[in-house]
Amino acid sequence: MDIVEVLKTLSSSYGLTSFEDDVIKKAEELISPYADGINRDKAGNLTAFKKGIEGKNKVLIATHIDEIGLIVSGIEKNGLLRFSTVGGIDLRILPGMEVMVLGKENIPGVIGSIPPHFQSEDDRGKPYGREDLYIDTGLDYTKLKKSVEIGTPVAYRSRFTELKNKKFASKSLDNRASCAAMIYAMYELTKLKHKWDVFGVFTLQEEYTMLGGKTAGFNTDPDLAIVMDATFGLQPGVPKDEGFDIDSVLTIARGPNLHPGATRELMHIAEEEHIKYEIEVTPGMSGTDATGIQISRRGIPTVLISLPIRNMHTSSETININSVINAGKLTARYIASLDENYENRFE
Amino acid sequence: MRELIKKLTEISSPSGNEDDIRNFIKKEIKNYCDSIETDVMGNLIARINGKKGGKTILFDAHMDEIGVMVNHIDENGFLRFTAIGGFFPFHALVHRIRFQNGVIGVIGEEKRDSSAKVSPLDKLYIDIGAKSKKEAEKMIEVGDMGTYAAETIVTDNRIIAKSLDDRIGCYIMIEAMKKIKKPKNTIYFVFASQEEVGVRGARPAAYRISPDCAIALDVTGTGDTPESAKMEVKLDGGAAIKVKDSGMLTNRKVREKLIDVAKKHKIKYQLEILEHGTTDAFGIQITAGGVPTGAISIPSRYIHSPSEMVSVSDVKACTDLVVAFANDYDA
Amino acid sequence: MNIEKFSNAMGVSGDEWEIRRLLTEEAEKYADSVEIDAMGNIIALKRGTGGKKKLMAVAHMDEVGFLVTGIDESGFLKLGRVGGIDPRVCVDKRVIVGRDKIPGVIMVKPIHLTSRDERGKPVPFSSLLVDIGTEKKEETAKYVKLGDPVAFDTKFEKLSNSMIKGKAFDDRLGCVAIIELLKKRYKHDFYAVFTVQEEVGLRGASVIGERIKADYAIILEGTGAQDFPNKKDINKSPKIGAGPCVTIKDGRSFASKELLKLTVKVAEENKIPFQFKKPGVGGTDAGVLQISGTGIKTIVYATPARYIHSPVSISSVNDLKNKINLTDLVLKSL
Chain A
1 MDIVEVLKTL SSSYGLTSFE DDVIKKAEEL ISPYADGINR DKAGNLTAFK
51 KGIEGKNKVL IATHIDEIGL IVSGIEKNGL LRFSTVGGID LRILPGMEVM
101 VLGKENIPGV IGSIPPHFQS EDDRGKPYGR EDLYIDTGLD YTKLKKSVEI
151 GTPVAYRSRF TELKNKKFAS KSLDNRASCA AMIYAMYELT KLKHKWDVFG
201 VFTLQEEYTM LGGKTAGFNT DPDLAIVMDA TFGLQPGVPK DEGFDIDSVL
251 TIARGPNLHP GATRELMHIA EEEHIKYEIE VTPGMSGTDA TGIQISRRGI
301 PTVLISLPIR NMHTSSETIN INSVINAGKL TARYIASLDE NYENRFE
Chain B
1 MRELIKKLTE ISSPSGNEDD IRNFIKKEIK NYCDSIETDV MGNLIARING
51 KKGGKTILFD AHMDEIGVMV NHIDENGFLR FTAIGGFFPF HALVHRIRFQ
101 NGVIGVIGEE KRDSSAKVSP LDKLYIDIGA KSKKEAEKMI EVGDMGTYAA
151 ETIVTDNRII AKSLDDRIGC YIMIEAMKKI KKPKNTIYFV FASQEEVGVR
201 GARPAAYRIS PDCAIALDVT GTGDTPESAK MEVKLDGGAA IKVKDSGMLT
251 NRKVREKLID VAKKHKIKYQ LEILEHGTTD AFGIQITAGG VPTGAISIPS
301 RYIHSPSEMV SVSDVKACTD LVVAFANDYD A
Chain C
1 MNIEKFSNAM GVSGDEWEIR RLLTEEAEKY ADSVEIDAMG NIIALKRGTG
51 GKKKLMAVAH MDEVGFLVTG IDESGFLKLG RVGGIDPRVC VDKRVIVGRD
101 KIPGVIMVKP IHLTSRDERG KPVPFSSLLV DIGTEKKEET AKYVKLGDPV
151 AFDTKFEKLS NSMIKGKAFD DRLGCVAIIE LLKKRYKHDF YAVFTVQEEV
201 GLRGASVIGE RIKADYAIIL EGTGAQDFPN KKDINKSPKI GAGPCVTIKD
251 GRSFASKELL KLTVKVAEEN KIPFQFKKPG VGGTDAGVLQ ISGTGIKTIV
301 YATPARYIHS PVSISSVNDL KNKINLTDLV LKSL
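Residue numbers (my numbering), protein chains in the order written: chain A, 1 to 347; chain B, 1 to 331; chain C, 1 to 334.
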C-alpha cells in the first residue's frame, strides 16, 4: 500500500461538512480491497465491515471525513461572492487565500480584501471581519448564477506538497490523515488474525455538529470504539504541554470522555509494539467524535488516538507520514489483541 | 385565515405550560387527520395515514413561546422573574406580560447605571399593580408563568404579533393538514413542546416516530432592514429553504428535494443561512441513528419581541411547499 | 447512614474508582441485582411486589476536581479543571493524587512577597502548582502520570447534631439517600442509579434512558444554598434547614406536573418540611433523562449545601433525612 498516495488522494479530495459525497466515493474505492462489505448507514456515514474469526464482539473505528470550509451566503451584482463559515475558521488566514468554489463545476477563486490604503488608520490595525471579505472568481454575475447558489460549498484549494524528512503539507490533514490511518489499519488487519468484527467508519459532519460520530455509535452499537483525530503539533506559539512533537509521537488521550480501562490496555499494546506515544490530557470535552460516541446508545467504551499536525485548520497543515503509519499499526494491533476474555473493567 | 392566526398567536402558552395552545390546536385539526395523541413530553402528534410502500415524513413546528417565570414576590408586591427561553431584556422593558391565570403586569427596571445601555434581567421586575406582598400573593405564586401580551394585526400582506415564533409554523401545519388528502406517504405533524428551552419536545417525538425524513417549520431572520447584518433572506422572498444555521446544516438530499418541489410547483422560495439561532431540526437530525432533516423557514423580523412580523405571501408559499413535499417525497 | 465514607471517597468525573467500589459494595447488600455499565454507572434493581411500572431514583457519584495536565522541571504538577470550579477557591488547598491517593499541596506565594497589584487580582488558575514533596520531574514521574485524577482532600466532620461538613455533598448526599431507599421494597420495580460524569455534562445519565425505560425518575441532588446576608429583596432559596428543595424548573428541565402535585400532597399530608428551588438556576441529570428515548417524567429533590463545587461544603442532616423520607413516601404512592 502506498500510504503517501492514499493520504494525497484523500486530502486533495473535497468534502466539506455536509457535502462529503466526493471524498466518500474516493474513500470507498480505497478501503474496499480490505473490507468484506461496505454500506452507508441512516445518517450517511460510510461503514467498511471486516468479519472477525469469532464475531461475537464488535469494535468501531471512527475517523471523521469532513473538512472545514466556507459556504456561499450571497452573490453580489458585480460577481463577488459573500460567504459564511463551516467549522472553526480563523478569519485571519483568509485574505489572499486560494479557494475552490464547488458549484455545478469547480471554479477557482481567491479571497480578496479591501486594499489597506482604502481603509482608515484604525481599521488597518484590525483583522478583516467576515463581512469585509469576498471570494473573487473573476467571473460575472450571470455566469456565476448558472453554477453557484446560496449554500454552495467553498473549500481551501488543494495543494499537496512534500517537505523534508517525510513531512507533507496539505489542507484537511485534519482529519484525512486519520482516515488514511484507518485504511492502513484495515490493510494491516488482513495480515493479522482478529476475533472481533471490525467496523471502519468514515463519519460525517464532525466539524459542525458531531452528527456522524453520535449516529455511527448508535447504528453500529459496538462494544468498544477507537477514534482517531488530529491534535496540535509543537510549533512556536504552542505551549509545551499543549502540543506534541510531530516527528516522533502519537498521543493517547486520558480524560472523562475516554474509558480508563480500555485506554490503559491501548497504552500497554503501544508499549509492547514499541510505538511511541505521549499522554494527551483532556479534562473537558475531547473536541472529537469520542465525545459523542461515548454517550451514544447505552454508552460505548471509547479510546482516542491523535496524530499531531502543525497549523491546524489552515490550508497548510503539516504532518509526518510516520504518524499515519503508526496510528494505523497501533489500531490494528490493538484490535488483534481483543478476544473473548475482554471485560469492561475500570480498574 | 385572519381569525385562526389571531387565536393562535394571542394564546399564552410558554414552554412547559402548553396546555392552552395544545387544546386549541387539537380542536382545529381533529377532522383533518387519522389519529391524534399527546405524548409524555406534551407534544401533540397527529398522523395522516399513507399507502403501502410510501415513506414516513415528520413535519414539526413548536407550540411553545418564550416567556417569564416568577421566582420571587418582594416585600412591596413586585415580582422578580427568570426567563423562559430567549426572553431578552432589550425587548422587555415596559412591555405587558399576561400570566396564564389572566393577571397583567408591566415590566419595569431598577435605576440604571449610567454606563449600562440595557438593564440585565436580574435588574428588571414585573409590576402587577399590587399594593403589598399580601395582595400580590393573592394574585400570583412563585413558579407562575407568563408571556408577552400584544394584539395581533393582520393586513393584506403583513402579520404583526407576538409568538409568530412558532405559532406561524403551527398555522402552516394546520392549513397543510386541511389540504393533504389521501397521500401516498404517511405524514406525522408534531406540534412540539419546549423548543425554546432547548429543543426538548421534538427529540423524544422523533425518537418514537423514526421517520424517513423530517422537516422543521420555524421562523428565520431577514437581512432587509436598515443597516442589518448581511443576510439574503427577505420578507416576500418566498419560503426560506434552510441551508445552515448555528446549530446544524440541513441534509443535502432533503434540501435539494425541497428546491426541486418548489421549482416544479412554481412556489416562490429563497435559500437561508442564519448565523445566530437554530430550530427543532437540530435535535431531530441527531436522534438515534440519524434522521435526514431539512427545514422550511418563515422569514421574520423582530424575532422574540412582542412585534414579530412576517409576510402573508411567504406564509402561503411555505404552506404550498409543505403540501407539495408531503405529496411528492419519495426519498 | 454512613455519610463519612462516601463523602471522603475519591471520584473525580471520569475516574470515579473509589466511590464506585464503595457504592457497589453497599448496593449489593440490598439490591436484587447490581450492574455496572460501559460508562461506569451503577444500576441496582430492587424488584417490585407485583406492580407494572418502572421507578427510578438517580444520584451522581462524581465530584468536581482536577486532572494532572503537566509535570514541570521541578516536579510540580500542573492541573486542568474537571467540572465547574471557581479558581479562587483552589489556592492553598490540600489535595490527593491518583489511585494511591498521594497527598499534595496547592502552593501559594507568601504574602510578604506579593505586590499590592497582585493581591488586587485573583491568582490565575494556570499558575497553580501542586507539590507532592518530590525534588524533580523524574522523581515525580515515578508516582504520577499525566491524566491522573486529583481531588480535594477534605475530611468529613460533624459540626453539631444536625450540621455536617465535608467535600462532595453535591452529590454524595444523594447517593447516601439512594442507599437508604434500596433497603426498602416497593410495589413497582425500583432502579437505583448512581451516575458518573454529571459534573462534566450529564454524560453518565445520557445513556441510562436507552437501558431503562422508566415511567418516573426522581433525581436526588445537592444544590447550592443561597441563604447569605444580602440586602436586596430577591429570592434567597434554598435555605439550610428548610427541608429538601423541590425543583419547578431549572436550567435544563421542568418538573413533571404529576410528580410536582404528588410531591406537595405527600409532603403536606406527612408534615415533611420542603422548599421550592429558585426557578431557572442550574442543571441536573433530569435534563437528559427527561428527553431520553420517548421521554420520562422527572422531578428533582435537592439537599441544600453551602459552598458546593469548592473544597468544603456544609449541610444539614435533617434536610437529608427529610429528603429520604419524602422520596420514600412518593415512591410508595406511585
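Mixed in with the good hints there might be a few duds.
Stated by the list, open to error - Quick list of the computed label-pair ranges, beta carbon to beta carbon:
(1) B:Phe90 with A:Glu121: 30 to 38 Å
(2) A:Glu131 with C:Pro273: 55 to 63 Å
(3) C:Pro122 with B:Leu93: 29 to 37 Å
(4) B:Gly108 with C:Arg116: 39 to 47 Å
(5) A:Glu340 with C:Phe228: 42 to 50 Å
(6) A:Tyr141 with B:Ser228: 17 to 25 Å
(7) A:Glu54 with C:Glu268: 57 to 65 Å
(8) B:Phe90 with C:Phe228: 26 to 34 Å
(9) A:Tyr141 with B:Phe90: 31 to 39 Å
Said to hold, decoys possible - Cut-off 27 Å, straight-line C-alpha distance, at most; resulting in silico cross-link-like pairs (DSS-like, lysine-lysine):
(10) C:Lys239 with B:Lys133
(11) B:Lys7 with C:Lys257
(12) A:Lys58 with C:Lys213
(13) C:Lys183 with B:Lys138
(14) C:Lys78 with C:Lys183
(15) A:Lys77 with B:Lys133
(16) B:Lys133 with C:Lys236
(17) C:Lys271 with C:Lys297
(18) B:Lys55 with B:Lys316
(19) B:Lys134 with C:Lys183
(20) B:Lys117 with C:Lys257
(21) A:Lys143 with B:Lys266
(22) B:Lys253 with A:Lys143
(23) A:Lys42 with B:Lys268
(24) A:Lys143 with B:Lys264
(25) C:Lys257 with C:Lys231
(26) C:Lys271 with B:Lys138
(27) C:Lys78 with B:Lys123
(28) C:Lys137 with A:Lys240
(29) B:Lys51 with A:Lys42
(30) B:Lys27 with A:Lys104
(31) B:Lys133 with B:Lys117
(32) B:Lys230 with A:Lys104
(33) B:Lys253 with B:Lys7
(34) B:Lys230 with A:Lys77
(35) C:Lys155 with C:Lys257
(36) A:Lys164 with A:Lys58
(37) B:Lys123 with C:Lys236
(38) A:Lys26 with A:Lys51
(39) A:Lys193 with A:Lys58
(40) C:Lys93 with B:Lys117
The set of hints was computed from the structure by calculation and includes no laboratory data. These figures come from a predicted structure and were not determined experimentally. Glycine included, every Cβ here is placed at the ideal spot set by N, Cα and C.
**Message:** So if I understand the rule, the pair passes when the alpha-carbon distance is 27 Å or less; does Lys7 (chain B) with Lys257 (chain C) pass?
**Reply:** Since the Cα atoms of Lys7 (chain B) and Lys257 (chain C) sit roughly 26 Å apart, the hinted pair holds (cutoff 27 Å).
**Request:** Below or equal to 27 Å on CA atoms is what counts here, so check Lys253 (chain B) against Lys7 (chain B).
**Result:** 36 Å, violated
**Asked** Using the C-beta atoms of Gly108 (chain B) and Arg116 (chain C), is the stated range 39 to 47 Å upheld?
**Response** 41 Å, holds
**Message:** Range first: 26 to 34 Å. Now tell me if the beta carbons of Phe90 (chain B) and Phe228 (chain C) are that far apart.
**Reply:** Holds, since Phe90 (chain B) and Phe228 (chain C) (Cβ atoms, about 30 Å apart) stay within the stated range.
**Request:** Could you tell me whether the CB distance from Glu131 (chain A) to Pro273 (chain C) stays inside 55 to 63 Å?
**Result:** 58 Å, holds
**Prompt:** Are the Cα positions of Lys42 (chain A) and Lys268 (chain B) separated by 27 Å at most?
**Reply:** 31 Å, violated
**Message:** For a C-alpha distance cap of 27 Å, please report whether Lys239 (chain C) and Lys133 (chain B) respect it.
**Reply:** 21 Å, holds
**Prompt:** Is it true that the CA of Lys55 (chain B) sits at most 27 Å from the CA of Lys316 (chain B)?
**Reply:** 25 Å, holds
**Prompt:** Between Lys271 (chain C) and Lys138 (chain B), is the straight-line Cα distance small enough, at 27 Å or below?
**Reply:** 24 Å, holds
**Prompt:** Is the straight-line distance between the alpha-carbon of Lys271 (chain C) and that of Lys297 (chain C) 27 Å or less?
**Reply:** Judged against 27 Å, a Cα distance of about 25 Å means the pair holds.
**Prompt:** Is Lys230 (chain B) close enough to Lys77 (chain A), meaning Cα to Cα at most 27 Å?
**Reply:** 15 Å, holds
**Asked** Straight-line Cα separation of Lys137 (chain C) and Lys240 (chain A) no greater than 27 Å?
**Response** 15 Å, holds
In the structure shown, a violation is registered for the earlier hints numbered 5, 13, 14, 15, 19, 20, 23, 25, 27, 30, 31, 33, 35, 36, 40, in ascending order.
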